Amino acid sequence: MIDFSHSVAIVAVVAAVTAGLRFFPFLVFGGKRKTPEVVSYLGVALPPAIIAMLVVYCFRNATPLRYPFALPELIAGVAVAFLHAWKGNMLLSVGGGTLLYMALLQRVFV
Amino acid sequence: MTETGKAKAMKKTVRAAFVKSLPVMAGYLALGFGFGVLLAQAGYGPIWALAMSVTIYAGAMQYLAVDLLANQAPLVATAIATFMVNARHIFYGVTMIEKYRNAGKYKPYIVFGMTDETYSLTCDGKSPEGIDFPRFAFWLTLFDHSYWIVGCVVGALVGTLVEFDSRGVDFAMTALFVAVFVEQWKGTRRRRPALVGVAVSVLALLAFGPDNFLIPATLGICAVLIGGRRFFETKKETEMLAAQEVALIKEPLASTDATAEKEGER
Numbered sequence: 007m008i009d010f011s012h013s014v015a016i017v018a019v020v021a022a023v024t025a026g027l028r029f030f031p032f033l034v035f036g037g038k039r040k041t042p043e044v045v046s047y048l049g050v051a052l053p054p055a056i057i058a059m060l061v062v063y064c065f066r067n068a069t070p071l072r073y074p075f076a077l078p079e080l081i082a083g084v085a086v087a088f089l090h091a092w093k094g095n096m097l098l099s100v101g102g103g104t105l106l107y108m109a110l111l112q113r114v115f116v
Numbered sequence: 005m006t007e008t009g010k011a012k013a014m015k016k017t018v019r020a021a022f023v024k025s026l027p028v029m030a031g032y033l034a035l036g037f038g039f040g041v042l043l044a045q046a047g048y049g050p051i052w053a054l055a056m057s058v059t060i061y062a063g064a065m066q067y068l069a070v071d072l073l074a075n076q077a078p079l080v081a082t083a084i085a086t087f088m089v090n091a092r093h094i095f096y097g098v099t100m101i102e103k104y105r106n107a108g109k110y111k112p113y114i115v116f117g118m119t120d121e122t123y124s125l126t127c128d129g130k131s132p133e134g135i136d137f138p139r140f141a142f143w144l145t146l147f148d149h150s151y152w153i154v155g156c157v158v159g160a161l162v163g164t165l166v167e168f169d170s171r172g173v174d175f176a177m178t179a180l181f182v183a184v185f186v187e188q189w190k191g192t193r194r195r196r197p198a199l200v201g202v203a204v205s206v207l208a209l210l211a212f213g214p215d216n217f218l219i220p221a222t223l224g225i226c227a228v229l230i231g232g233r234r235f236f237e238t239k240k241e242t243e244m245l246a247a248q249e250v251a252l253i254k255e256p257l258a259s260t261d262a263t264a265e266k267e268g269e270r
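Protein chains in written order, with this note's numbering: chain A, 7 to 116; chain B, 5 to 270.
In short, the hints are calculated from the structure, not lab data. Incorrect hints may have been included.
[Claimed, not checked] 30 Å max Cα-Cα, derived DSS-like pairs, lysine-lysine:
(1) B:Lys16 x A:Lys93
(2) B:Lys109 x A:Lys93
(3) B:Lys24 x A:Lys93
From a predicted model like this one, the values you see are computed outputs, not experimental measurements.
Isolated chain A (complex conformation):
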């Protein structure tokens, strides 16, 4: 059964924790003039590593060892990479890749 007030509370908790995590570093390091040196180092070195992690995260539920052997993800992912290396147009890469993946999932690897 769906309980209205409990549902509102769930949404509120998710929103509050998410915002808390986003504000946390700014509240801890944002006020003083100086940020610890290691934090500013991470500020430069982390972003590319985090993007790489998010790519892996997106492929986390692919199944390389059983049907469809992660093929839809692999084919569409490689297509996006090539498309983007070639044209450099985000809209084309994201839109084209998504449509290709949906077609693969719904029509080819059924």
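Since chain A is already given, all that's left is putting chain B on it; use the hints.
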């Protein structure tokens, strides 16, 4: 600056932010749409989609929240799940502290709206020539947020009205990150951290499984980057210097500050 000058500068900023936000538009409309459909199928209509997309504004977490709502999960479990899925945002913030230090009135909303996608577009700390970075980031965040809200609400509307096959629509998120990865790979010499990110994440995925690897992966990446700092630092130093020179031309005052700060640290 005169009134018309101000208005012109504002127009220029808004336009530049809009152009930069275009790739996210496709991704967010598609992703939000998928979320809305799922939410509607769980028995929650467009009003819920509106409330959640405005107040939560986190892609993967909202998908998970559909499960939490459908199962009427306890609040403590909800809080823990949210923490685990979104803890990576702490690290996003860490990398943006200096870049948003002087963001002033724009800061609260920019920080609130720091999603994976918006972060991936702003993490280089750059805005087009002659445009103030925090103001640019503010508008970019606002555009992205509105695509997300529209996507979620329309998805919930359609989900309550018609049946259709939306399987695979969530690949928009994957495609966006792959494209950003390729862009970073081509654009910078900062390839070693990217490789560390791939290697550590794959290891963490194999060790902890798909539902629990984000936190160990984040910690592992930080450990390797800090432990192997000397290995990554030389590149970083040259890049920092280059960035400071660019900033010096753009905005003499702010970067003099930053340089003084750097010197103070030594």
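Provide an ascending list of the numbers of those earlier hints which the structure does not satisfy. Those not satisfied come down to hint 2.
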